[in-house]
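With these hints in hand, go ahead and build the complete structure from the sequences.
2 protein chains.
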Amino acid sequence: MTRYEKVATVLRERIERGIYRVDDRLPSIRAVCKEMEVSISTAQEAYRQLMDAALIESRPKSGYFVLPSRVPTVLPSVSRPAQRPLDISQWDQVLELIATQRDDSRLLLGRGVPNLDYETLKPLSKILAGLHRSSDFNGFNYDKLNGSPELRQQVAKLAVASNCLLHPDDILITTGCQEALAISLRTLTQPGDVVAVDSPSFYGTMQILKANGLKALEIPTDPQTGISLEALELALEQWPIRAIQVTPTFNNPLGYTMPEARKRALFQLAQRFDVAIIEDDIYGDLAFTQPRPCTIKSFDDDGRVLLCSGFSKTVGPGLRVGWLAPGRYRDQALHMKYVSTGASATLPQLAVAEFVAKGYYERHLRYANRQYQRQRDIMISWVQRYFPEGSGISYPQGSFLLWVELPAAVDCVRLNERLAQKKLHVAPGSLFSASGKFRQCLRLNYAFTLTPAMEDAVRSVGELAMKMVEEANQHAAY
Amino acid sequence: MTRYEKVATVLRERIERGIYRVDDRLPSIRAVCKEMEVSISTAQEAYRQLMDAALIESRPKSGYFVLPSRVPTVLPSVSRPAQRPLDISQWDQVLELIATQRDDSRLLLGRGVPNLDYETLKPLSKILAGLHRSSDFNGFNYDKLNGSPELRQQVAKLAVASNCLLHPDDILITTGCQEALAISLRTLTQPGDVVAVDSPSFYGTMQILKANGLKALEIPTDPQTGISLEALELALEQWPIRAIQVTPTFNNPLGYTMPEARKRALFQLAQRFDVAIIEDDIYGDLAFTQPRPCTIKSFDDDGRVLLCSGFSKTVGPGLRVGWLAPGRYRDQALHMKYVSTGASATLPQLAVAEFVAKGYYERHLRYANRQYQRQRDIMISWVQRYFPEGSGISYPQGSFLLWVELPAAVDCVRLNERLAQKKLHVAPGSLFSASGKFRQCLRLNYAFTLTPAMEDAVRSVGELAMKMVEEANQHAAY
Ligand SMILES: Cc1ncc(COP(=O)(O)O)c(C=O)c1O
Ligand SMILES: Cc1ncc(COP(=O)(O)O)c(C=O)c1O
Chain A
15 MTRYEKVATV LRERIERGIY RVDDRLPSIR AVCKEMEVSI STAQEAYRQL MDAALIESRP
75 KSGYFVLPSR VPTVLPSVSR PAQRPLDISQ WDQVLELIAT QRDDSRLLLG RGVPNLDYET
135 LKPLSKILAG LHRSSDFNGF NYDKLNGSPE LRQQVAKLAV ASNCLLHPDD ILITTGCQEA
195 LAISLRTLTQ PGDVVAVDSP SFYGTMQILK ANGLKALEIP TDPQTGISLE ALELALEQWP
255 IRAIQVTPTF NNPLGYTMPE ARKRALFQLA QRFDVAIIED DIYGDLAFTQ PRPCTIKSFD
315 DDGRVLLCSG FSKTVGPGLR VGWLAPGRYR DQALHMKYVS TGASATLPQL AVAEFVAKGY
375 YERHLRYANR QYQRQRDIMI SWVQRYFPEG SGISYPQGSF LLWVELPAAV DCVRLNERLA
435 QKKLHVAPGS LFSASGKFRQ CLRLNYAFTL TPAMEDAVRS VGELAMKMVE EANQHAAY
Chain B
15 MTRYEKVATV LRERIERGIY RVDDRLPSIR AVCKEMEVSI STAQEAYRQL MDAALIESRP
75 KSGYFVLPSR VPTVLPSVSR PAQRPLDISQ WDQVLELIAT QRDDSRLLLG RGVPNLDYET
135 LKPLSKILAG LHRSSDFNGF NYDKLNGSPE LRQQVAKLAV ASNCLLHPDD ILITTGCQEA
195 LAISLRTLTQ PGDVVAVDSP SFYGTMQILK ANGLKALEIP TDPQTGISLE ALELALEQWP
255 IRAIQVTPTF NNPLGYTMPE ARKRALFQLA QRFDVAIIED DIYGDLAFTQ PRPCTIKSFD
315 DDGRVLLCSG FSKTVGPGLR VGWLAPGRYR DQALHMKYVS TGASATLPQL AVAEFVAKGY
375 YERHLRYANR QYQRQRDIMI SWVQRYFPEG SGISYPQGSF LLWVELPAAV DCVRLNERLA
435 QKKLHVAPGS LFSASGKFRQ CLRLNYAFTL TPAMEDAVRS VGELAMKMVE EANQHAAY
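These protein sequence lines map, in sequence, to chains A and B.
Going by this note's numbering, the first sequence opens with residue 15, and the numbers climb by one from there.
Going by this note's numbering, the second sequence opens with residue 15, and the numbers climb by one from there.
In short, the hints are calculated from the structure, not lab data.
Predicted, not measured: the structure shown is a model, and the values here were computed from it.
Misleading hints may appear alongside valid ones.
The list treats identical chains as one, so a pair stands whether inside a single copy or across any two.
As the list claims (entries may be wrong) - With a cut-off of at most 25 Å between alpha-carbon atoms, the simulated DSS-like pairs for lysine-lysine come out as follows:
| id | residue 1 | residue 2 |
| --- | --- | --- |
| 1 | K437 | K158 |
| 2 | K437 | K75 |
| 3 | K437 | K481 |
| 4 | K372 | K140 |
| 5 | K136 | K158 |
| 6 | K372 | K451 |
| 7 | K48 | K75 |
| 8 | K75 | K372 |
| 9 | K436 | K158 |
| 10 | K451 | K20 |
As structure tokens, this is what we get:
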């Protein structure tokens, strides 16, 4: 047991025995150092462990606090996907989800969109309105193929927070993170190739696999620590895997963050089998505690990690500003970028660059993350109250997506059909699997302002789900 | 001979005999009807024939005029490409061209960018600055996957000018025309498939073929009437061609427009062999005479034409607003669009929609096309004056790109290297071929405001080319 693990264990025991109780403030880092005779970094690491385990949380400028006991909350179970490469289906379901994305007549409880109403986003409009006034305005001409230098510089600066040292030239601006993922996969693979993925997994990536004739090997994934390294290792021995695609930080949909040590171990595994990693970090900046988690890319000493990210979940998806740090695959990625869309749109890049450079981005993150953290707890309490007993609920430490595992009797595609009558919509779990698993799961969004109407909506989903459980029970009883 | 061909022949003979001389105004349509006892549409068609043949031109509100005798101008020769499917190379050269695209230290005589300084574009900045003030502003959210309804409606309206009746739902907004082309090719083909292309051909399309492992079958192409239907028919009999990709209107780089009858015949040929056509119409609205030429799509009665276009060559390439009318391939194209970039950026779409809806687009076209027509003639006169004798020069009826065929001794890649010292750059012809042909050709842009400095630049290119001819002669003499 390392030193920080020892410290964490001592603190954990005190919490479990009720020495520190819910909402109590824990001793400060400094106090722990003194009491246990450890360094500041050891104490910090111990606290981080406890935060990862969702036992405590840090509140800005106040310290560390014990979280409510989560005993009544069951976590979703570890996925046990099919153990062979599969073709992807589900496009119809994805299309339905996307098509309803801008459908104002339905309340889209499962959408993947951040809150765009916060005041801290307002400066962006001003920036956009003012752009053409700059003396060297060139916003209607082709931008550089790898993106505007102003923006790449800001991205490089931001990446430091995730422990990544990137040069602006290591970065390629893309049209959304989706293009970064598509470029990465097309850079690394040929049709028929096998790609290992965490499971459940973002449907957008799955559809890229489908469109490119790639097969997904879904690896069992723990809802707290992420992709199983043990299962992945076995898979790497057994199958000709060309790339590993993961979303290790504030995973969509499961919400977990792989602990740093497991991120490092994943990198080492990839290195041992000489496989590339596509790391999707689109939610990485939406951390409820600082510093934000590191990326796998931060361990990348030989350029095998293609880091995909962007500003869709922070500043706004309609800007379509994503980015890719393609490591050693830069030349091929640049070619793929050219044939995909040429340069990306100039104006959104310039606007985001200015938004970040002037400090608005950080300010907005601070505000949004505080809101999301509070709203996570509210949404969880609603689900606990209104959903069938025994439902598993994720406990994300960042972002705005909640994953709920309902009793097996509930088929969320059918649930969604019934919800249509109430003008409601959730993201059914089967969207997130190549093999159509997770039908009893669904994704909820808590970026919305959580009004009483929202609570009613969540209650309606829960009630309908309960009804489906009852129906199944009655059916079984006959 | 049809009636209008007869009329055209009579008029042509009068021009050749000097009855109508250069800059003379021809009899009006009405006068011709009366004299030759034909209908208005027959007379119009005859005049159109003469315009296609570059014998006359129409000047807005003034009538039809005899063009300068083009006897001293030699047209580029018909291409005779390799008669088998080829893999694409030339990425390095393309990358160099793109990389220099925003290099302010060099004068890029060969770039593919319209003039962005015209006053008639100014309203676009105002529109962009004002967008966020609209009450239902949603510019930071994901747009609909197939594009903003406002823009699709405007595109459908504009398409009428090319004889296309499109419903807004037939249209898919893309991130530049490049994405429309990429989606089309990926919708129709599998790696290893053969695609028939006109030759020379836009390098962006060639690179899509390369990235997708497709083979290009370059079809001989006439510098006045476009892809040879006879050669294409033979090719269709001989090879398993999956798609025909052409730019039939104001072709880049050759400048020709396929006569309407040949467009129709091309469509019928595709129908007979049950092959799809990818029609690139990105320059179609830049017509020097009205109405603009029709598209092949306008003959499409069974949805086999995928029409690719956009606003890069008219409003501004940095907006990345393209569009695709995918015909019967709509569903697959939508899937490809989703995996490529998701929805396209919202703001540029809204801005272009308003620019068109308010009539600014048409006003801008009228102005820009008048400028380009004048500048074409100036640029041609410079090339005739300064380039080696016997150089072939294209005679475009629209757009802003000139194609020059130099004596065989001139290798334009080497020419470009020498031009670098003078901070000049042309687009070498070999960019436009899978087989690296057209090394003695180059593309010039006359969208620039043609200042004395520009004339100096063109003179420098010509002088260097002459020097290369002389060097070759001397070499041959020894
Ligand atoms: C994990 C993940 N990656 C990528 C994306 C796509 O991001 P963008 O909208 O920037 O293309 C999403 C959006 O839902 C996502 O959840
Ligand atoms: C014939 C042709 N098609 C397509 C394109 C690409 O257009 P966009 O910039 O809209 O992607 C170009 C640009 O050079 C072109 O010349």
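Legend entry - Hint numbers not upheld by this structure, sorted from lowest to highest: Result: hints 2, 6, 10 break, sorted rising.
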